[in-house]
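Okay, here's what each chain looks like letter by letter:
Number of protein chains: 2
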Amino acid sequence: MAEPQQDIDEEAFGITDRLVGDVRDAVERGDADAVDGLLDPLHPADIAHLLEQIDGRQRRDLIAIWNAGMDGDILSELAENLREEVIEQLAPAELADAVRDLESDDVVDLVEYLDEDQQEAVLEALDAGDRVVVEQALSYPEESAGRHMQSELVRAPSHWTVGEAIDFLRSDVVLPEQFYHIILVDPRLKAVGYVTLGRILSHPRATPLMDLAEDSFRTFHVAQDVEEVAQAINHYHMITAPVVDDDERIVGVITIDDAMVFLEEEAEEDILRLAGVGEGSLSDRVLDTTRQRFPWLAVNLVTAILASLVIALFEETIAGLVALAVLMPIVASMGGNAGTQSLTVAVRAIATRDLTGANVWRVIRREALVGLINGVIFAIVMGIVGVIWFGSPMLGVVIGVAMVINLVVAGLAGTIVPVVLERMGVDPALASGAFVTTVTDIVGFFAFLGLAALWLL
Amino acid sequence: MAEPQQDIDEEAFGITDRLVGDVRDAVERGDADAVDGLLDPLHPADIAHLLEQIDGRQRRDLIAIWNAGMDGDILSELAENLREEVIEQLAPAELADAVRDLESDDVVDLVEYLDEDQQEAVLEALDAGDRVVVEQALSYPEESAGRHMQSELVRAPSHWTVGEAIDFLRSDVVLPEQFYHIILVDPRLKAVGYVTLGRILSHPRATPLMDLAEDSFRTFHVAQDVEEVAQAINHYHMITAPVVDDDERIVGVITIDDAMVFLEEEAEEDILRLAGVGEGSLSDRVLDTTRQRFPWLAVNLVTAILASLVIALFEETIAGLVALAVLMPIVASMGGNAGTQSLTVAVRAIATRDLTGANVWRVIRREALVGLINGVIFAIVMGIVGVIWFGSPMLGVVIGVAMVINLVVAGLAGTIVPVVLERMGVDPALASGAFVTTVTDIVGFFAFLGLAALWLL
Numbered sequence: 010m011a012e013p014q015q016d017i018d019e020e021a022f023g024i025t026d027r028l029v030g031d032v033r034d035a036v037e038r039g040d041a042d043a044v045d046g047l048l049d050p051l052h053p054a055d056i057a058h059l060l061e062q063i064d065g066r067q068r069r070d071l072i073a074i075w076n077a078g079m080d081g082d083i084l085s086e087l088a089e090n091l092r093e094e095v096i097e098q099l100a101p102a103e104l105a106d107a108v109r110d111l112e113s114d115d116v117v118d119l120v121e122y123l124d125e126d127q128q129e130a131v132l133e134a135l136d137a138g139d140r141v142v143v144e145q146a147l148s149y150p151e152e153s154a155g156r157h158m159q160s161e162l163v164r165a166p167s168h169w170t171v172g173e174a175i176d177f178l179r180s181d182v183v184l185p186e187q188f189y190h191i192i193l194v195d196p197r198l199k200a201v202g203y204v205t206l207g208r209i210l211s212h213p214r215a216t217p218l219m220d221l222a223e224d225s226f227r228t229f230h231v232a233q234d235v236e237e238v239a240q241a242i243n244h245y246h247m248i249t250a251p252v253v254d255d256d257e258r259i260v261g262v263i264t265i266d267d268a269m270v271f272l273e274e275e276a277e278e279d280i281l282r283l284a285g286v287g288e289g290s291l292s293d294r295v296l297d298t299t300r301q302r303f304p305w306l307a308v309n310l311v312t313a314i315l316a317s318l319v320i321a322l323f324e325e326t327i328a329g330l331v332a333l334a335v336l337m338p339i340v341a342s343m344g345g346n347a348g349t350q351s352l353t354v355a356v357r358a359i360a361t362r363d364l365t366g367a368n369v370w371r372v373i374r375r376e377a378l379v380g381l382i383n384g385v386i387f388a389i390v391m392g393i394v395g396v397i398w399f400g401s402p403m404l405g406v407v408i409g410v411a412m413v414i415n416l417v418v419a420g421l422a423g424t425i426v427p428v429v430l431e432r433m434g435v436d437p438a439l440a441s442g443a444f445v446t447t448v449t450d451i452v453g454f455f456a457f458l459g460l461a462a463l464w465l466l
Numbered sequence: 010m011a012e013p014q015q016d017i018d019e020e021a022f023g024i025t026d027r028l029v030g031d032v033r034d035a036v037e038r039g040d041a042d043a044v045d046g047l048l049d050p051l052h053p054a055d056i057a058h059l060l061e062q063i064d065g066r067q068r069r070d071l072i073a074i075w076n077a078g079m080d081g082d083i084l085s086e087l088a089e090n091l092r093e094e095v096i097e098q099l100a101p102a103e104l105a106d107a108v109r110d111l112e113s114d115d116v117v118d119l120v121e122y123l124d125e126d127q128q129e130a131v132l133e134a135l136d137a138g139d140r141v142v143v144e145q146a147l148s149y150p151e152e153s154a155g156r157h158m159q160s161e162l163v164r165a166p167s168h169w170t171v172g173e174a175i176d177f178l179r180s181d182v183v184l185p186e187q188f189y190h191i192i193l194v195d196p197r198l199k200a201v202g203y204v205t206l207g208r209i210l211s212h213p214r215a216t217p218l219m220d221l222a223e224d225s226f227r228t229f230h231v232a233q234d235v236e237e238v239a240q241a242i243n244h245y246h247m248i249t250a251p252v253v254d255d256d257e258r259i260v261g262v263i264t265i266d267d268a269m270v271f272l273e274e275e276a277e278e279d280i281l282r283l284a285g286v287g288e289g290s291l292s293d294r295v296l297d298t299t300r301q302r303f304p305w306l307a308v309n310l311v312t313a314i315l316a317s318l319v320i321a322l323f324e325e326t327i328a329g330l331v332a333l334a335v336l337m338p339i340v341a342s343m344g345g346n347a348g349t350q351s352l353t354v355a356v357r358a359i360a361t362r363d364l365t366g367a368n369v370w371r372v373i374r375r376e377a378l379v380g381l382i383n384g385v386i387f388a389i390v391m392g393i394v395g396v397i398w399f400g401s402p403m404l405g406v407v408i409g410v411a412m413v414i415n416l417v418v419a420g421l422a423g424t425i426v427p428v429v430l431e432r433m434g435v436d437p438a439l440a441s442g443a444f445v446t447t448v449t450d451i452v453g454f455f456a457f458l459g460l461a462a463l464w465l466l
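Chain order of the listed sequences is Y and P. First residue of the first sequence: 10, per this note's numbering; consecutive thereafter. First residue of the second sequence: 10, per this note's numbering; consecutive thereafter.
To be clear, the hints were calculated from the coordinates, so they are not data collected in a lab. The reader is advised that the hints may include incorrect statements.
One copy or two, it doesn't matter: identical chains are merged, so the pair holds either way.
SDA-like mimics (lysine to any residue), calculated; alpha carbons at most 25 Å apart, straight line [what the hints assert, rightly or not]: (1) Lys-199 to Glu-61; (2) Lys-199 to Leu-51; (3) Lys-199 to Val-413; (4) Lys-199 to Asp-234.
Keep in mind that this is a model prediction, so the values were computed, not measured.
So that you can see chain Y by itself, here it is in the shape it has in the complex (with noise of 0.2 Å):
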């Protein structure tokens, strides 16, 4: 970086799309050399990402013409949906080559969504040993810390010292590629504490290393979910989490590297189970995409026709006055959009710990006290829009009334479908903006048009 000043103006990571337009150029062009030369000075992270950016055709014509070659770590950080085909492309001896020098946790990662075929040729590339590693790994379920802990790490006998520790890593013994701690262990193997490298070098020889450990030391189950892991990393600020087995010997770490990019797989899952999205992703096929999206879709379906029941109840009504018709969509909207406020922030208080049996109710009570409030002011406005724009006072009132009602069920509904969700072992994120758009459209249009059969008519 030869003017670090301008770098405030670009971006902190990544890669321009003149680069992506140069390498698509040098691949249509077959210039193996030029795409050598592009490639080559790029973070394995930025060329996977070049990789997710440009099309299926492109991508094997690059891969088939690229003389340095897939290595491990671009496999890695693949988006998952575009690893078969890559590795599909790849000779056995290629492919051994790639991930020989992953860390097991990576491996796993790569191999665990793989055809039989697929992960057979990836472990036969392994040594023996780390086979056994990413088998074992393999056995524990998924979505497991055992299942995606990395079982490098270093550990030490609790009894010690600062000198003999140093002594030790100076030895030839074969050390994680990055480490940040080491766990103490008593004769049994059983994790009993650990130790910041800061804290060993900082010290003279002959300290215990037992009066180094850091004050709180937990240790995280192999059956545990990995997801609550990386959570309770984050709570706790922690860098390395120690997993262990039923022995509550130390079996493997989690890293908080690892931890980061688990929390924001959570948190994108959320953010597309909300839309109704499934676990889509750009680089999909077209045809897995549609496929992805349908069932929401289909789902919307089904309470859009219900709603549309209700509809049908006040025909007669609506022929009456065909005014109603031309509102009657405001309050359902309305509605919706304030049950997707309160059901957003119920899921993530959920997803966060912020929302629990200890508050449950004072949180309904508050949702609902702001749907009554936001309904007041909305039921006033609509109730003059209503007046001027039919010249009907009670039209006016019945709307108002009918938006206070749905504001309020739709500050209920938006707090108790995830909460209840949750407590039967569904995905709040999934499924509550169905019910909850349900409930604010059957009652939002029930409430407008009968109160309008009521008073008007």
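Given chain Y, work out where chain P should sit, using these hints.
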């Protein structure tokens, strides 16, 4: 942990509803010893979480009778909207005690949004040296790396050896509480590389530090957006991101645990903005929440009225065939949902840099195609429903064609709107939803009622 196998069913972190209840009871009884006994074993993050779960009156009572008293780590962990309230209740001496041991970046986070009197009170509690550092950080723009960096770091001349570094760390120099790298600087304090502590510990004393430096070394400018730095840390799996001034001198670091918090906040913000909730949190007061949600509901009211105006154009058509009023919300609702799907994927893809100038046209085509395919499927379904329900084949055709049109438009608008907003410098998460549903509502009603007017009457 006597029986870690029980952990599988237990939460990986956090506090139980029962504990919250016990603390509440102890506070109600005014039993200071019981409060101390319950809170003493807890991690500061858990105490902060507990304070967020109880209501304002209980919080005040708790703090008043709590002997151990508030410490800085708890204040740092506390939700922003509660900090002012809690700090107000602390005597100046208590506050001084609480903040004295915090790292500079934690003090900055704590005070940056306090009102001036409270900020002054905290700053006065600091030692002169720390105060200068905090004031310097506060002089950088909000959301910049300079504002949020930790100034405590370990640097060493690039010509040092492992032995010199160890002797330096063992001397009586003041070290950061946590550090994982030593940053190498040239004689003009320009950052030239960094070394992990693990590599220092595992090499003989005579090894030059430069030989152990990491291959890839990136620095970030103090004015760089801190969220971008956090994304870069995640993207490149960094543990420490060095922050430099205009002369490339190292002035601080952003650490991965802080980056994790920034990324969480960013994802949270996107989720809440997509739902039109702004900065909402469960511990806000009812009136604050009402005010936060009001603007989006007001925008929605305007868009709903626009849609109603479209319906009003067709009052005569509806008067001629009331079935239209029954079916029209279905077309609008399906379009709104499909639009939300496309827009959510686009907003997240923009945030994660997966949607760029290099692939925007491909993505737009793709979304339109997905809309077309799903549109045709649902057109057939709804056509059949229309025929069965109302016995009119032509009505089935009208709703089917309107559905196809609206779902294609939803795919286009859902992608184009966020891309255009982003280019205009507006956060697409904040504003896209209103635009897209306005488009799908208007197009939905217009296509359905317009075709009905043309073909049915």
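Up to 25 Å CA-CA - Val-413 versus Lys-199, copy category = neither (61 Å within a copy, 63 Å between copies)
Between copies, within a copy, both or neither: which fits Lys-199 and Leu-51 at Cα up to 25 Å?
-> Between copies, since 24 Å is at most 25 Å while 42 Å is not.
Is it within, between, both or neither when you check Lys-199 against Asp-234 at 25 Å Cα-Cα?
-> Cα proximity of Lys-199 and Asp-234: one copy only (21 Å, versus 44 Å across).
Could you place Lys-199 and Glu-61 in one of the four classes (within, between, both, neither) given a Cα distance threshold of 25 Å?
-> Classified as neither: same-chain Cα gap 44 Å, cross-chain 36 Å, threshold 25 Å.
Hints 1 and 3 from the earlier list are contradicted by this structure; the remaining hints agree with it.
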